[in-house]
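Based on the hints, put chain R in the right spot on chain X.
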Amino acid sequence: MTTTVERPAAAPPPPSGPSPASRVGTTLLRWWRSLTAMRTALVLLFLLAVASVPGSLLPQRSLSQSQVTRYFADHPDLAPVLDRFYLFDVFSSPWFAAIYLLLFLSLIGCVVPRAVEHARAVFAAPPPAPRHLHRLPDHRSLDSGLDGTATLDVVEEELRVRRFRVVRREGRYGPELSAEKGLLKETGNVVFHLALLALLLGLAGGKLWGYEGSILVTEGDRFCNTFQQYDNYSSGALVDAGEMSPLCVTLDDFKAEYEENLTAASFTADIQYGLAGSASRGTTIGVNSPLRFDGDRVYVTGHGYAPVFSVTFPNGDSFTDISAPFLPAETQTMSSEGALKLPDVPGSDEQLALQGLFAPTGSVQGGVLTSVDPRPLDPQVAVFVYEGYLGLDSGLPQNVYSLDQTQIDRGNLTRVGEANLKVGESTTLADGTVITFSGVKQFAAMQVSHDPGQVWVLVSAIAILVGLLGMLLLRRERVFARATAGPDGAGTVLVVGALTRGSADTAPRFTALTDDVAAALTRRARTEENPRT
Amino acid sequence: MINESLAATSDTLFSVAVGLYSLAVVAFCAELAFGGRTAPARELVAAGGGPAEQPVARPGGTADDEPARARRWGMVAMALTALGAVVQAGVLVTRGMATGRLPWGNMYEFGTAVVLVAVVVYLVLAVRTPSLRHIGIFVLAPVVLSMVGIGLFLYASAGPLVAALRSAWLAVHVTTAILGFGIFFVSGIASVMYLVRARYEAKVAAGEQPLSRIVHRLPGAAALDRTAHRTAVFGFPIWTFAVIAGAIWAESAWGRFWGWDPKETWAFIAWVVYAAYLHARTTAGWRGRPSAWINVVGLGVMIFNLLYVNMVSTGLHSYGGVN
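Taken in order, these protein sequences are the chains called X and R. Residue numbering for the first sequence follows the working numbering, beginning at 1 and increasing consecutively. Residue numbering for the second sequence follows the working numbering, beginning at 1 and increasing consecutively.
With the rest of the complex left out, here is chain R:
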């Protein structure tokens, strides 16, 4: 029933993907190191020449003032990330082939798929808006941490689905939940970066010396905020659909479409938090940092919903395969 050699291939690919992402992190670090070597010197000159020539005051990112070596490292990091994503897709494909079902039947597979979506969303953003490449290390570092955590604590060997999951709704509900989660993951990171960068820009505007080369190389606060908002706008209908599809499935599997099962409750909380985020962005007094914090809370809720609700509380969504 289970093709053991394919299952073993899948596990090997998982390790390879973690390795590639780790190398990508190293390459992103190298990009920062080589890019950063010029920045303080320039800032010294700028400080001597007067505050008007501060390089950070330039809107729209820092792509133009980066040395060729840094850019090369950045491209290597991007290539490694893309390769890692391909290998990680291979993890899921081989597992699906080994088990003859969709490869998201337990937390290990679900987590792997969510991380893959996050990486793909980051790649798409970075290709479309090159300055966003510079948030790479802040996406890839959590990605590596998540992958290691998933591999160590959530691993479940390839096996058949339990009866309750054998439904066409698995393809609809779980797939959209994975997509929504992966998109919110990137959105949350963009908001964290925005909060860091906005503080940095406020300090620069107040005439203080820029403190951090890494933050200096981030895209502008406005661009980060826009990225966070646009990804959340993209993710919110998908998440809404995932919740609705889950309710439809629950109606045929559990006898009611909504029963305040812990997972349902936290999916609802996440929905409310993201709805609040989208509202806050258009409400006077909530724009900027307060709304970014709401987005960060949203990401926290999503992670809590995955980890706490599946592993600690007892509910109907206990398909973790983790003992």
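Okay, chain X solo, but in the shape it has when bound:
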């Protein structure tokens, strides 16, 4: 099965022979021929399918970094080996690229000569009739009372009514006729394969010039389309960060609606958007309805709650209405976890932080807070208060949504209080600091995507489908006919043969055609005998 692919290990050339250059040329030509053979294309197609299997069975970095990390933790021996073979980045691995590039070349080799050949066939006359018409899959002999030319006239008429292209020739074995119809079938084939190539190019272009950034935005906040602002981003190799469209978005309001059984019914975000420095417009985006603006798309990909706190320090200074997004730990009840960090405490060298649980509809049992409903009917928090050193300037990146556990373990950060609070309630620390849970805002996880290739891909995909339909549903028919003198010299024998591609039941259609020809011949013969009637 794979012999054609491994052909490079060819036998050594004979010691004396053609010049090295022409030998290399011959070898290259042979490789090219085997690469572009249909069999190779089939094998490559299969390899592509097989190669994408591990990409769906193993966790992929492109889909979920955290699952890959977990896999490494669960399989410490196996994971590094798999990683060496790019099995956590299958779709961007060199071997996956090798397969589709080979397939791409194979396709080009298959389809370009075929397209040229087809273009020639469109303008060329149908090919001459084969010598032995009775060897064609469908064939029939008819006796005609007309002479050869008049007989073929009748056949030509019948074929032209059926929209065949007809050409008449004076052949070696008598006057003959070739007719053809359904060239669109081959056109469909060529369109399909060319569109496949165009789609791959569009895909590659989109990857090279496209980018994607995601950010959590709390109600009232604003972000602009720069990589510095995004929490996470990925961009193609040819993206120029300076050229990104200066789109800015403000989240005014976020709404999540639920059915009676708490199935999420809709998520909508009211936003203001516009290019930096120009007026902004308002719109509402949501699941299945992103904002499309100036080549960029803005999506709502998730949501959550950001509890709001006010902190009053012993010296009288205070922070009012500071909030931090708490990430949903459970989507069913929106029970969320997060941290609020206050690195600059007025009148103190110690830093302050809250870490804990938020429940949109809280229920406290045995001192433990749980959430029973995703809607903010009775928001409550259960927080631990820490004082000390947060480690934000330690140079190591740290999670925004939780405290640095190593600082707690080292004793740099000590717990100084804990409380379960409802909205409006507060807790007072030993040093007199008052922390009030003053309310809750919602945040939206937003994503900005830019993919200049996607319209190209869509057009190619539609062309693929159209080509496919043409290729599968149309049939190419060729009909040949030859008129020869009858065995006893009187009358004419008409032999009709047909060759059809793309249809199984050709016999009934051929019978219908030849029956019509026979009837027309009889009619014409009668008119010639009695021209007046």
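Hints may be right or wrong, so weigh each one.
[Said to hold, decoys possible] Computed, partial: chain X to chain R, Cβ under 10 Å:
{"hint": "1", "residue": "Leu63"}
{"hint": "2", "residue": "Gln65"}
{"hint": "3", "residue": "Thr69"}
{"hint": "4", "residue": "Pro290"}
{"hint": "5", "residue": "Thr301"}
{"hint": "6", "residue": "Asp451"}
{"hint": "7", "residue": "Ile464"}
{"hint": "8", "residue": "Leu469"}
[Unchecked claim] Where chain X lies over chain R, by a calculated footprint (3+ residues, C-beta under 8 Å):
{"hint": "9", "region": "160 to 166"}
{"hint": "10", "region": "231 to 240"}
{"hint": "11", "region": "245 to 255"}
{"hint": "12", "region": "258 to 266"}
{"hint": "13", "region": "269 to 277"}
{"hint": "14", "region": "281 to 295"}
[To be verified] On the chain X side, residues computed to face chain R include the following (Cβ under 10 Å):
{"hint": "15", "residue": "Ala41"}
{"hint": "16", "residue": "Phe46"}
{"hint": "17", "residue": "Pro94"}
{"hint": "18", "residue": "Trp95"}
{"hint": "19", "residue": "Gly206"}
{"hint": "20", "residue": "Ala241"}
{"hint": "21", "residue": "Ser245"}
{"hint": "22", "residue": "Glu259"}
{"hint": "23", "residue": "Asn261"}
{"hint": "24", "residue": "Leu465"}
Derived by calculation from the structure, the hints in this document are not laboratory data. No experiment lies behind these values; they were computed from the predicted model shown. Even for Gly, the Cβ is constructed at its ideal location relative to N, Cα and C.
What follows is chain R alone, placed relative to chain X:
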């Protein structure tokens, strides 16, 4: 919001459909039993009379040598199958009315719809080409197994759609995916039957005694292969469209048209396998059995894509409603 009595009717109809299909299987078995009683006797005579008169050598099926009793049972089986299909359509209609939405929002509904499409495709084929009726038991038996499996393991009570599925693309993408899957289901079964029958015919051609009455009653290998190919040719553009529609939907729902989500990956693998099947049918050296095997692999991929990807792996297509 949910009409509970309609939802209960839908569940009852599901059981009725399974019952009707099971009866159809019994009737197909009876057809085989009564049809088969004459076949070995005839083969004995034929063996005595010389290999030239082997009944299996007759091309184009076996419809003409079947006794009237067998044919009656066959007609009963067909009627039961058709009735089952009507009732099964009722399952989906009542569920759609109970929930006020398209009845393919979870795996239970999706699976039921796919099986319905497969049964309807089989009925259409059997009505148009009577000899294909004889693959009935090999279609209906997997259908009953699938229905029981769907009822036992995939059942999800009638409920509203999650937010992500509330889009016009549900009607386009999921409907075409169901159609494609149902058509490929029948195509795959025809290829399995072809592989069995082709082996049987090869043995007969080699002068061996025919081994199985059931296989003897199948349509000829060429007819089965043609059926498999024609259904696949019909299903492939529909599947292509389903994948494209899915990509368009993904672009507006998930922020990218293609992201190698497990479901997308397996839809792509299935597409490649079916493309390979259609190519193999026209490639020298791949015609016949190799290409039929590719079609069988295609069906395996489709089933894997439904079961494994939704139930075991975690991806964006996790709308199973199965816990």
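Cross-check of the supplied hints:
This hint holds: Leu63 of chain X has a C-beta 7 Å from the nearest C-beta of chain R, less than the 10 Å allowed. With a least beta-carbon distance of about 14 Å to chain R, the hint placing Gln65 of chain X at the interface is violated under the 10 Å criterion. About 15 Å separates the beta-carbon of Thr69 of chain X from the nearest beta-carbon of chain R, more than 10 Å, and the hint is not met. For Pro290 of chain X, the interface hint holds, the least distance from its beta-carbon to any beta-carbon of chain R being 6 Å, beneath 10 Å.
Among the interface hints, the one on Thr301 of chain X holds; its C-beta lies about 6 Å from the nearest C-beta in chain R, closer than the 10 Å criterion. Look at Asp451 of chain X: its Cβ gets to within about 7 Å of chain R, closer than 10 Å, so that hint holds up. Taking 10 Å as the C-beta contact cut-off toward chain R, the hint placing Ile464 of chain X at the interface holds, the least distance being around 7 Å. At about 6 Å, the closest approach between the beta carbon of Leu469 of chain X and any beta carbon in chain R falls short of 10 Å, and the interface hint on this residue holds.
Remark: the region 160 to 166 of chain R is confirmed as covered by chain X, as 6 of its residues place a Cβ nearer than 8 Å to a Cβ of that chain, reaching the required three. For a cut-off of 8 Å, the count of residues in the region 231 to 240 of chain R with a CB near a CB of chain X stands at 4, and the three-residue condition holds. Coverage of the region 245 to 255 of chain R by chain X holds [criterion: at least 3 residues with CB-CB distance below 8 Å; count 8]. Remark: the region 258 to 266 of chain R is confirmed as covered by chain X, as 7 of its residues place a Cβ nearer than 8 Å to a Cβ of that chain, reaching the required three.
By the rule of at least three residues with a Cβ nearer than 8 Å to a Cβ of chain X, the coverage given for the region 269 to 277 of chain R holds, with 5 such residues. Counting residues of the region 281 to 295 of chain R whose beta carbon lies closer than 8 Å to any beta carbon of chain X gives 3, which meets the minimum of three for the stated coverage. Interface restraint check: Ala41 of chain X against chain R, minimum CB-CB distance 7 Å, threshold 10 Å, status holds. Given hint, Phe46 of chain X at the interface with chain R, holds; its Cβ is 6 Å from that chain's nearest Cβ, closer than 10 Å.
The beta carbon of Pro94 of chain X comes no nearer than 16 Å to any beta carbon in chain R, farther than 10 Å, and the hint placing it at the interface is violated. Interface restraint check: Trp95 of chain X against chain R, minimum CB-CB distance 15 Å, threshold 10 Å, status violated. Given the 10 Å rule on beta carbons, the hint for Gly206 of chain X holds: about 9 Å separates it from the nearest Cβ of chain R. With its C-beta approaching chain R no nearer than about 20 Å, Ala241 of chain X sits outside the 10 Å limit, and its interface hint is violated.
Evaluation of the Ser245 of chain X hint against chain R yields a violated restraint, the C-beta minimum of about 16 Å exceeding 10 Å. With its C-beta approaching chain R no nearer than about 5 Å, Glu259 of chain X sits inside the 10 Å limit, and its interface hint holds. About 6 Å separates the beta-carbon of Asn261 of chain X from the nearest beta-carbon of chain R, less than 10 Å, and the hint is met. Annotation: interface hint on Leu465 of chain X holds; nearest CB of chain R at approximately 6 Å, less than 10 Å.
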